[in-house]
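Peer 1: With these hints in hand, go ahead and build the complete structure from the sequences.
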Amino acid sequence: MSANELFKELKESLSLKEIAEKLELHTGTLKRWENLKKVPDEYKHDLNFLLGNKYTLEKENYRSHNEFFTKKESAKYCYKKLIDFLNQHNIDVGKYVFIEPSCGDLSFYDLMPKNSRIGIDLTYKNKEILCENFLNFTPKKEGKYLILGNPPFGLRGNLALRFINHAYHFADFIAFILPPLFDSDGKGSPKKRVRGYTLAYSEKLPLNSFIYPNGKEVEVATLFQIWVKNTLLEQNILKFKAKKAKTCKNFIKIYSLSDGGTPSSTRNKAMLYKCDLYLPSTCFHSKNKPQMKSYENFESLPHRRGYGVVILKDKEKVLKTLKQTDWTKLSFLGTNSSLNLRSSLIEKALIEQGIYDESETNGSL
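The sequence shown lines up with residues 1 to 365 when you count with UniProt numbering.
Quick caveat, the hints were computed from the structure, so don't treat them as lab data.
Mixed in with the good hints, there may be bad ones.
[As the list claims (entries may be wrong)] Calculated lysine to aspartate or glutamate pairs in the EDC-like style (CA-CA distance at most 20 Å, straight line): (1) K239 / D84; (2) K38 / D276; (3) K76 / E58; (4) K317 / E296; (5) K11 / E34; (6) K17 / E34; (7) K76 / E299; (8) K315 / E352; (9) K348 / D326; (10) K76 / E217; (11) K348 / E203; (12) K249 / D314; (13) K80 / D105; (14) K31 / E203; (15) K253 / E203; (16) K313 / E299; (17) K141 / E73; (18) K22 / E12; (19) K253 / E296; (20) K244 / E358; (21) K80 / E203; (22) K293 / E316; (23) K204 / E73; (24) K216 / E21; (25) K315 / D276; (26) K76 / D276; (27) K348 / E299; (28) K320 / D276; (29) K323 / E299; (30) K246 / E352; (31) K246 / D357; (32) K71 / E217; (33) K249 / D259; (34) K114 / E142; (35) K125 / E58; (36) K320 / D357.
[What the hints assert, rightly or not] With beta-carbon atoms standing in for the labels, derived distance ranges: (37) T231 / E316: 47 to 55 Å; (38) P139 / K239: 37 to 45 Å; (39) K140 / G188: 29 to 37 Å; (40) I351 / Y55: 46 to 54 Å.
Positions of the beta carbon are idealized from the N, C-alpha and C atoms, including for glycine.
Peer 2: Given below as structure tokens:
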């Protein structure tokens with residue numbers, strides 16, 4: 001059963017808007033699937049889930065499905081960060097039940113208080129772990145809950161986003177390992193689509209924090225983030241002093257560009273040849289074939305896809321800064337060993353060199 005077939009069947013009972021809401025996607029994304037007649041395989045299990053798990057689907061190869069476990073020492077580090085955070089804000093941890101929504105090899109679950117924990121996984125682990133989909137889970141008892149773990153990311157962080165938004169119904173805190181997209185303030189970022197929570201803590205984890213199910217080490221760019229339910233902030237149970245987030249909107253405007261030869265695979269066509277500098281969004285990079293770098297024209301971009309930067313102010317200084325930036329260090333590594341860049345990282349390159357909007361004060365906590 002293909003993703004296309006599952007999508008077609010699901011449309012017989014649900015509208016595009018309803019499917020988009022359940023998958024935490026824009027309706028435009030689903031319309032693009034229709035136009036291209038191609039649904040990403042990453043959504044096959046999600047579509048089957050919306051059909052009530054009607055079909056028995058073969059489990060994807062973990063290397064192609066971004067499935068990896070957290071090393072024991074990395075899990076301990078994240079657990080300690082969460083406990084320290086809660087203690088710092090005078091939260092009585094003893095009143096909370098811990099939930100691990102995707103237990104994997106139990107690296108997080110084994111750290112949780114034995115009499116105050118719930119473990120969930122799609123695959124049977126033992127009699128103590130609930131064998132079900134977290135997106136179907138609701139605690140049987142009323143109480144205080146917090147969630148800790150390494151959820152499945154899904155395509156562009158979509159599945160992790162759905163885990164967070166589902167948890168809103170019962171959890172005060174979420175402490176998750178997440179993909180770098182959750183550090184982006186760009187349009188469509190999953191970070192901007194989190195509902196009912198405020199980001200309270202975020203840090204990058206070492207690349208070597210994970211292993212494949214077969215025990216082999218894998219390098220993955222990730223974040224560890226702690227999200228707090230907004231009601232706790234509104235009730236002054238927790239208090240944060242907001243940090244001023246620096247931006248550089250007055251200096252540059254960034255366009256996502258692509259030209260695949262068809263309307264559905266072309267973005268910002270009018271700007272393809274009007275930008276001052278071009279950068280790839282994703283590419284493979286090596287000493288023999290360096291590709292994660294700046295380009296002077298759109299045609300030189302790998303796969304003719306990436307970002308175009310229009311400089312609005314201090315052109316000479318900004319252009320020099322962007323050209324001198326080592327984009328291999330600023331980009332992040334994907335599980336397929338590709339280097340990936342986001343618009344927020346392009347802005348970061350300028351901000352770190354002192355090029356930012358002095359008057360901007362908005363930002364995350």
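Peer 1: Taking the hints in turn, state whether each one holds.
Peer 2: Do the hints match the structure? See the list:
Pair hint K239 plus D84 holds up; C-alpha atoms about 15 Å apart against a cutoff of 20 Å. Our distance criterion of 20 Å between C-alpha atoms is broken by K38 and D276, whose separation comes to about 34 Å. For the proposed pair K76 and E58, the alpha carbon gap of about 32 Å is over 20 Å, so the pair is violated. About 16 Å separates the Cα atoms of K317 and E296, which keeps this hinted pair within 20 Å; it holds.
The straight-line distance between the Cα atoms of K11 and E34 is roughly 11 Å, inside the 20 Å bound, and the hint therefore holds. A distance of roughly 13 Å separates the Cα atoms of K17 and E34; the hinted pair therefore holds under the 20 Å criterion. Between K76 and E299 the alpha-carbon distance is near 47 Å, which puts this suggested pair outside the 20 Å criterion. The suggested pairing of K315 with E352 holds, with an alpha-carbon distance near 17 Å, which does not exceed 20 Å.
Pair hint K348 plus D326 holds up; C-alpha atoms about 12 Å apart against a cutoff of 20 Å. Our distance criterion of 20 Å between C-alpha atoms is met by K76 and E217, whose separation comes to about 17 Å. Under the criterion of a C-alpha separation no larger than 20 Å, the hint pairing K348 with E203 is consistent with the structure, at around 15 Å. A distance of roughly 13 Å separates the Cα atoms of K249 and D314; the hinted pair therefore holds under the 20 Å criterion.
With a C-alpha separation of about 19 Å, the suggested pair K80 and D105 falls inside the 20 Å cut-off, and the hint holds. Between K31 and E203 the alpha-carbon distance is near 35 Å, which puts this suggested pair outside the 20 Å criterion. Simply put, K253 and E203 have alpha-carbon atoms about 27 Å apart, too far for the 20 Å limit, and the pair is violated. Between the alpha carbons of K313 and E299 the distance comes to roughly 25 Å, so the proposed pair goes past 20 Å and is violated.
Pair hint K141 plus E73 does not hold up; C-alpha atoms about 32 Å apart against a cutoff of 20 Å. Restraint check for K22 and E12: the C-alpha separation of about 15 Å stays at or below 20 Å, so the hint holds. With a C-alpha separation of about 16 Å, the suggested pairing of K253 with E296 holds against the 20 Å cut-off. Restraint check for K244 and E358: satisfied, since their Cα atoms lie roughly 10 Å apart, inside the 20 Å limit.
Among the hinted pairs, K80 with E203 is consistent with the structure: their alpha-carbon atoms are about 14 Å apart, no more than 20 Å. In summary, the hint linking K293 to E316 is supported, as the alpha carbons are separated by about 18 Å, within the 20 Å threshold. For a cut-off of 20 Å, the pair hint linking K204 to E73 stands: about 15 Å separates their Cα positions. Annotation: proposed proximity of K216 to E21 is violated, straight-line Cα distance about 37 Å (limit 20 Å).
Between K315 and D276, the direct Cα distance comes to roughly 9 Å. Compliance with the 20 Å bound is thereby established for this hinted pair. Straight-line distance between C-alpha atoms of K76 and D276 comes to about 46 Å, which puts the hinted pair past the 20 Å bound. This hinted pair does not check out: K348 and E299 have alpha carbons roughly 25 Å apart, beyond 20 Å. A hinted pair counts as satisfied when its Cα atoms are at most 20 Å apart, and K320 with D276 qualifies at roughly 11 Å.
Only pairs whose Cα atoms come within 20 Å are accepted, and K323 paired with E299 is accepted, the gap being roughly 17 Å. Using a Cα cut-off of 20 Å, the hinted pair K246 and E352 holds, with the two alpha carbons roughly 10 Å apart. Taking the CA atoms of K246 and D357, the gap is about 7 Å. The hint holds against a cut of 20 Å. At roughly 9 Å between alpha-carbon atoms, K71 and E217 fall within 20 Å of each other, so this suggested pair holds.
Of the supplied pair hints, the one linking K249 and D259 is violated, its CA atoms being roughly 25 Å apart against a limit of 20 Å. Our distance criterion of 20 Å between C-alpha atoms is met by K114 and E142, whose separation comes to about 19 Å. With a C-alpha separation of about 19 Å, the suggested pair K125 and E58 falls inside the 20 Å cut-off, and the hint holds. For the proposed pair K320 and D357, the alpha carbon gap of about 18 Å is at most 20 Å, so the pair holds.
Between T231 and E316 the Cβ separation comes to about 49 Å, which falls inside the hinted range of 47 to 55 Å. Separation of P139 from K239 is about 27 Å and departs from the stated range, judged on CB atoms against 37 to 45 Å. Between K140 and G188, the C-beta spacing of about 36 Å keeps the proposed range 29 to 37 Å intact. Under the hint 46 to 54 Å, the C-beta atoms of I351 and Y55, about 48 Å apart, fit the expected range.
Going through the hint list in order, the structure does not satisfy hints 2, 3, 7, 14, 15, 16, 17, 24, 26, 27, 33, 38.
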